[in-house]
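Undergrad: Here is what each chain is made of, one letter per residue.
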Amino acid sequence: SPSNTGESTDKKTLNFGAMSSVDVIPMVIANEKGFYKEEGLDINLQIFKSAQDRDAAFQAGSLDGIIGDEVAICLYQNADFDVKILGNTDGDFMLVAGAQSGIKSMKDIKGKKVAISEKTVIENTLDVLLEKNSLTPEDVVKTVIPAMPTRLEMLRTNNVDAALLPEPFSTLAIKDGGILLGSAGSLSTFPSVTAFTQQAIDAKSDEIKAFYRAYDKAVDYINNTPVSEFEDIIIKAVGYPEDMKGQIVLPKLRKNTLPAESEIQAVIDWAKKKGIIQKDLNPKDMTYDINVK
Amino acid sequence: MLEINNLSVTYNSNKNKVKALGPVSMEIKEGEIYAIIGPSGCGKSTLLNVLSGIIQNYEGKVLLNNEVLNPKRHSIGFIPQNFGLFPWKTVEKNYMLSLDIKKKAIDRNIADRIDYVLDKLNIQSLKDRYPNELSGGQKQRVSIARSFIMNPDLLLMDEPFSALDALTREEAQELFIGLWNQYKITTLFVTHSIEEAIFMGKKIVIISHCPGTIVKTIDNPLFNTEDLREKEDYLKLSSYLRGIIKKGWTL
Amino acid sequence: MLEINNLSVTYNSNKNKVKALGPVSMEIKEGEIYAIIGPSGCGKSTLLNVLSGIIQNYEGKVLLNNEVLNPKRHSIGFIPQNFGLFPWKTVEKNYMLSLDIKKKAIDRNIADRIDYVLDKLNIQSLKDRYPNELSGGQKQRVSIARSFIMNPDLLLMDEPFSALDALTREEAQELFIGLWNQYKITTLFVTHSIEEAIFMGKKIVIISHCPGTIVKTIDNPLFNTEDLREKEDYLKLSSYLRGIIKKGWTL
Amino acid sequence: MKKAIKKISIFLQGFLMINILWYLLAYVVKLRVLPSPIEVYLNIGQYSENLYANVLASLYRVAAGIGISLILGVSIGLLMAYSRLWNKILNPFVYFSYPVPKTALLPIIMLLFGLGDVSKIMIIVLILVFQIIVSVRDAVLNIPSDTYGPIKSLGASIFQRFAHVTIPAILPELLTSIRLSIGTALSILFFAEGYGTQKGIGYFILDAWVRIDYKGMYLGIIVLSILGFMLFIAIDILEETLCKWK
Amino acid sequence: MKKAIKKISIFLQGFLMINILWYLLAYVVKLRVLPSPIEVYLNIGQYSENLYANVLASLYRVAAGIGISLILGVSIGLLMAYSRLWNKILNPFVYFSYPVPKTALLPIIMLLFGLGDVSKIMIIVLILVFQIIVSVRDAVLNIPSDTYGPIKSLGASIFQRFAHVTIPAILPELLTSIRLSIGTALSILFFAEGYGTQKGIGYFILDAWVRIDYKGMYLGIIVLSILGFMLFIAIDILEETLCKWK
Ligand SMILES: Nc1ncnc2c1ncn2[C@@H]1O[C@H](COP(=O)(O)OP(=O)(O)OP(=O)(O)O)[C@@H](O)[C@H]1O
Ligand SMILES: Nc1ncnc2c1ncn2[C@@H]1O[C@H](COP(=O)(O)OP(=O)(O)OP(=O)(O)O)[C@@H](O)[C@H]1O
Ligand SMILES: [Mg+2]
Ligand SMILES: [Mg+2]
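Chains as they are written, first to last, in the working numbering: chain A, 1 to 293; chain B, 1001 to 1251; chain C, 2001 to 2251; chain D, 3001 to 3246; chain E, 4001 to 4246.
Simulated from the structure, these hints should not be mistaken for lab results. Hints are not guaranteed to be accurate.
What the hints assert, rightly or not - With a Cα cut of at most 20 Å, we get these calculated EDC-like pairs of lysine to aspartate or glutamate:
#1 Lys-3246/D - Asp-1128/B
#2 Lys-3199/D - Asp-80/A
#3 Lys-1247/B - Glu-2174/C
#4 Lys-1072/B - Asp-1128/B
#5 Lys-113/A - Asp-3117/D
#6 Lys-1247/B - Asp-2227/C
#7 Lys-1247/B - Glu-2226/C
#8 Lys-4244/E - Glu-2195/C
#9 Lys-3006/D - Asp-4138/E
#10 Lys-2231/C - Asp-1233/B
#11 Lys-1246/B - Glu-2226/C
#12 Lys-1231/B - Glu-2232/C
#13 Lys-4244/E - Asp-2128/C
#14 Lys-4007/E - Asp-3138/D
#15 Lys-4246/E - Glu-2092/C
#16 Lys-1246/B - Glu-2230/C
#17 Lys-2236/C - Asp-1227/B
#18 Lys-274/A - Glu-3049/D
#19 Lys-2093/C - Asp-2128/C
#20 Lys-3244/D - Glu-1092/B
#21 Lys-1231/B - Glu-2067/C
#22 Lys-4246/E - Asp-3138/D
#23 Lys-2072/C - Asp-4138/E
#24 Lys-3030/D - Asp-80/A
#25 Lys-279/A - Asp-3213/D
#26 Lys-4246/E - Glu-2232/C
#27 Lys-1089/B - Asp-3213/D
#28 Lys-1246/B - Glu-2195/C
#29 Lys-2247/C - Asp-1233/B
#30 Lys-2246/C - Glu-1170/B
#31 Lys-2236/C - Asp-1153/B
#32 Lys-2236/C - Glu-1092/B
#33 Lys-2246/C - Glu-1230/B
#34 Lys-4246/E - Glu-2133/C
#35 Lys-1247/B - Glu-2230/C
#36 Lys-2236/C - Asp-1119/B
Claimed, not checked - Listed next, with one range per pair, are the computed distances between beta-carbon atoms:
#37 Asn-3043/D - Lys-12/A: 18 to 28 Å
#38 Asp-243/A - Tyr-4023/E: 42 to 52 Å
#39 Lys-1120/B - Glu-3173/D: 36 to 46 Å
The beta carbon of each residue, even a glycine, is placed where N, CA and C say it ideally should be.
Chain A on its own, in the form it takes in the complex (with noise of 0.2 Å):
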């Protein structure tokens, strides 16, 4: 493969954008072990403390890429904000019960509560919950709580029945005792993604393609590497709560690659239903294949 090292010429700055959320490990690895550089790749990881926040800058044209989910990206499509989505990652998405809600199983769940936040790939997962267990979105109260924090807090303490959340949220709360209910993950599917503008596909090709092979290789050192030795740089980069020091499992995680076309329809014809997007969108275009290999 045509590797970039070596070339010094006018290499660009990647500007990368994420929450901090699992998703973002392999690229905070990849920046503390030096696997960009390997790469000849200049980075500029932003980590964000809120979706908004992100969505704002990207919008802004401060970042190149970022970590989405597949909702964000029909919601660029949809306002005609041209942005693909070139690889997976690993986040997973979990619906917990709180512990003294009375919720055992999927069953239980009708008329509850539930945290999430609105039109979200959060709400998706929810609503594809429900209906894989023969339930309508309509058989839960659903609560906003935008802030993954709060809404963590309000199912600790009773508020609600149930919440959808990421990691590190959702293990802490399984951890006080809350039942996982199902995730996106069960279900094989992946609804956190990579994505960058088509203007940075256009100009910075050879970066973006850099930045996919340190993150293939972060992913191998990641899977073949015990959690504690690189433990301390996750839970300062990512914001994972310092007692879970020791306690932190990751998922096998996967080289970088392209989300299921079907996956992304499924994601598109939900969106479109709940009336979040009003243009007719092709998965074929929602996607591109960089090709690093």
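Take the given structure of chain A and dock chains B, C, D and E with the ligands to it, following the hints.
TA: Using the frame of chain A, we list chains B, C, D and E with the ligands on its own:
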């Protein structure tokens, strides 16, 4: 009748005590009008504030019509230097304030009195204005109206005309004396002007430097004399008073 | 010498024009002191504001020492009613302001003059205080110091003593006249007090109702007389002036 | 009314100027985050009925928040002004609470008051009440003591002094403080309406932001500004009615 | 210094009282979101060096934001006070911008100024500058015109009038307006430090929140309050030095 017996006042400000007045003893018969003059800071306003019930922390005794002075029981008119009108009340609400607070019903008698006072002071037409829309002289007249309408047992005035210019001042003084002659309300007023004291005070009380005590009380035969300032006696009396002032308010 | 020729002033406020003064013509010889009296609102302050260069929008001609009056070229002292001290400057900075603005170096001459003036007015010890820490009389003296230190071509005073009480006022008048006799600065002052006009004005200018014009200019033989108020002539002159005032500032 | 009409005209001028500037800026940067005002206004139809309900919901929260803050703030402010003891006790508390970033307390407020309107109103109250307390207390203490002279000499009761002097004397400051509160309360809607609700102009803006619907978002901002302005005008009219003497 | 010392003592009392109240509330509600103050202070050690750098970073942003707002606000405020024309032009603009929720403009600010310190400082400026403009303009217009009399009669130049009268006369209002600005600027750190940085006390609080590290979060809030208070004291000392005459 107002009786003041060994009155003295001490202010407590920031831990140190300031004796501001006293001891002062005097007696004002019903229907008299007294002028008080004294150096700046000698306690003239303090005295009026005691008599008007604003300062309640004093030593000595103050009796009005043989009862301990109490603004809730007695009816006391008070005209401060800045006229004491409330800017948020119309002229009418301002001069009716006394009746309002005392919750007096307006009977035939009072209504006549109101008409007479307003007419004399020529402020009928200002009824609906706010004090800010009045000249100094007009404000003064409204303030006088407020006190005369309530027919007080005692009227107190603290430099009532000093904020007015020369001409307006003489007009206001004459209006006041006109009304006063009608109602003969027991009155005590503070002034910085010898002229005013002679023109308006049946008796003139001279107070010493702080803490103020009474230096002398003078009978004033020139009270309410027309063309006062052109009389020979005026010159004498005023130069006598001036002499006391020059000697630092001592005899 | 100050020459005022057909001066009139019109204010433009909210679209309607108010003629506030004029036409006024007068001449003040060097080393003279003129008192101006007139009814409230007749334009006295307006006249002083023109002469001090504060109002520059006037009709007519004003010449000082044969040049068109201009505060940048001329040296003009101005004492407003509230003394015009800057609360954020110490007393020293306040009285040195005139020299500061005119960027005058302090030579032997000026230093002597400063010493003399401060000494006369007895404010040496107040140097480092702020105006808020002074009594009215002290403020007045600092304001007078400011003007005398600069040795102005023209001194203007707008009711300079009216904010002081009777006693302080007489003291201040005497201090002022003492200094004035030393330096004989051409002076024009506005007053509401007939007494003050007679005591301090070599000539007394009477102004009519708004828009003010000159009703009469009177030579005052009583200027700077000791024990003025006890003189027979004083009574005559003051009752003459009072007569004019009573007739509504007309002859 | 004169003052109100003048303000409306100033507002309209400002509105026009901002739109022109906005148009030019949008024209220059040509980015989706900054649609031109024309695009925004052309799209107004699709939101219109929706907007109405949102404005009402926010108005209710803002009004309730300001109302409660006023009741609490005025009472505590008066208490502190009248009683030296209470002033001594409460002053340090007020003083310390002033710079505490109340928005950081959102999680606690949600836990204590739930996800409903109560917690939204409470956060508005928490932010406003301290400044109202301080301004009422200072306004009362700033009434020159001799103002009470004439009414005291008439033997007025505490209550009469209060009704005839204290209240009218502090009214202008109180209205100014309400005016400032309105601005603050509206900008707090952003936090308050971010959770537990599907109604409110703050929600409308946040929702549009999430959906990357910048036209909707700017429309919401404009509506919020106009709402703020209308509340300002309402206060102006109230002031002209209550403070005729000014 | 007397004023400052008095304020420090009031602050300490307030601090104590808040902590006692906090302790009681924590004891009653027994929730993880509300750890007791004792727990918070016991954990201070693990953050200490970290906190220092964070405070410095925030201080820089706040100082720069307030500084720029002052320069802009004072110049524009003076311009509007001195020139009727400019007042006519800028007044509607200022008036309309006042109630616009500036935090909603984050996308534009990022667009125009990127993700770095400049955009953080700019959002502070955007929120503060209007209130400084208004307060400077009003302060200048409120100087009674006869204040200038004595200095005009001395033939002072515009610049001299400015230095001897205008500036000292508006100084107290300016300092009050800076004091208010500090409170606002600190609470804006919450937005401003949520992106593009890993330093700052706002970031520290947000980060602790996301980590569900409530002890750290409250520590941050306390530190922010103390920082605010110290800036207040600094202004007090400045005021006592510059406004000796008060
Ligand atoms: N509230 C107060 N606390 C402490 N001292 C006071 C207070 N009010 C007045 N004083 C002092 O008491 C003395 C008498 O004051 P008062 O106002 O009665 O004088 P006055 O004769 O009315 O003076 P003026 O002629 O200037 O009006 C003064 O020395 C004054 O400084
Ligand atoms: N800035 C202004 N705009 C419009 N009219 C004014 C202005 N200043 C003064 N006037 C009017 O001009 C007239 C003269 O005012 P001026 O202040 O000169 O009177 P004055 O003789 O000094 O009065 P007083 O004795 O009360 O000080 C008055 O009728 C006043 O209302
Ligand atoms: Mg007094
Ligand atoms: Mg005048």
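Undergrad: Hint by hint, say whether it matches the structure.
TA: Here's how the hints hold up against the structure:
no.	hint	result
1	Lys-3246/D - Asp-1128/B	holds, 14 Å
2	Lys-3199/D - Asp-80/A	violated, 27 Å
3	Lys-1247/B - Glu-2174/C	holds, 16 Å
4	Lys-1072/B - Asp-1128/B	violated, 29 Å
5	Lys-113/A - Asp-3117/D	holds, 17 Å
6	Lys-1247/B - Asp-2227/C	holds, 14 Å
7	Lys-1247/B - Glu-2226/C	holds, 16 Å
8	Lys-4244/E - Glu-2195/C	violated, 40 Å
9	Lys-3006/D - Asp-4138/E	holds, 18 Å
10	Lys-2231/C - Asp-1233/B	holds, 13 Å
11	Lys-1246/B - Glu-2226/C	holds, 13 Å
12	Lys-1231/B - Glu-2232/C	holds, 11 Å
13	Lys-4244/E - Asp-2128/C	holds, 11 Å
14	Lys-4007/E - Asp-3138/D	holds, 16 Å
15	Lys-4246/E - Glu-2092/C	holds, 17 Å
16	Lys-1246/B - Glu-2230/C	holds, 14 Å
17	Lys-2236/C - Asp-1227/B	holds, 13 Å
18	Lys-274/A - Glu-3049/D	holds, 19 Å
19	Lys-2093/C - Asp-2128/C	holds, 9 Å
20	Lys-3244/D - Glu-1092/B	holds, 15 Å
21	Lys-1231/B - Glu-2067/C	violated, 48 Å
22	Lys-4246/E - Asp-3138/D	holds, 17 Å
23	Lys-2072/C - Asp-4138/E	violated, 29 Å
24	Lys-3030/D - Asp-80/A	holds, 13 Å
25	Lys-279/A - Asp-3213/D	holds, 13 Å
26	Lys-4246/E - Glu-2232/C	violated, 49 Å
27	Lys-1089/B - Asp-3213/D	violated, 54 Å
28	Lys-1246/B - Glu-2195/C	holds, 17 Å
29	Lys-2247/C - Asp-1233/B	violated, 25 Å
30	Lys-2246/C - Glu-1170/B	holds, 10 Å
31	Lys-2236/C - Asp-1153/B	violated, 41 Å
32	Lys-2236/C - Glu-1092/B	violated, 43 Å
33	Lys-2246/C - Glu-1230/B	holds, 14 Å
34	Lys-4246/E - Glu-2133/C	holds, 10 Å
35	Lys-1247/B - Glu-2230/C	holds, 16 Å
36	Lys-2236/C - Asp-1119/B	violated, 35 Å
37	Asn-3043/D - Lys-12/A: 18 to 28 Å	violated, 36 Å
38	Asp-243/A - Tyr-4023/E: 42 to 52 Å	violated, 23 Å
39	Lys-1120/B - Glu-3173/D: 36 to 46 Å	holds, 38 Å
Going down the numbered hints, you'll see the structure goes against 2, 4, 8, 21, 23, 26, 27, 29, 31, 32, 36, 37, 38, while the others check out.
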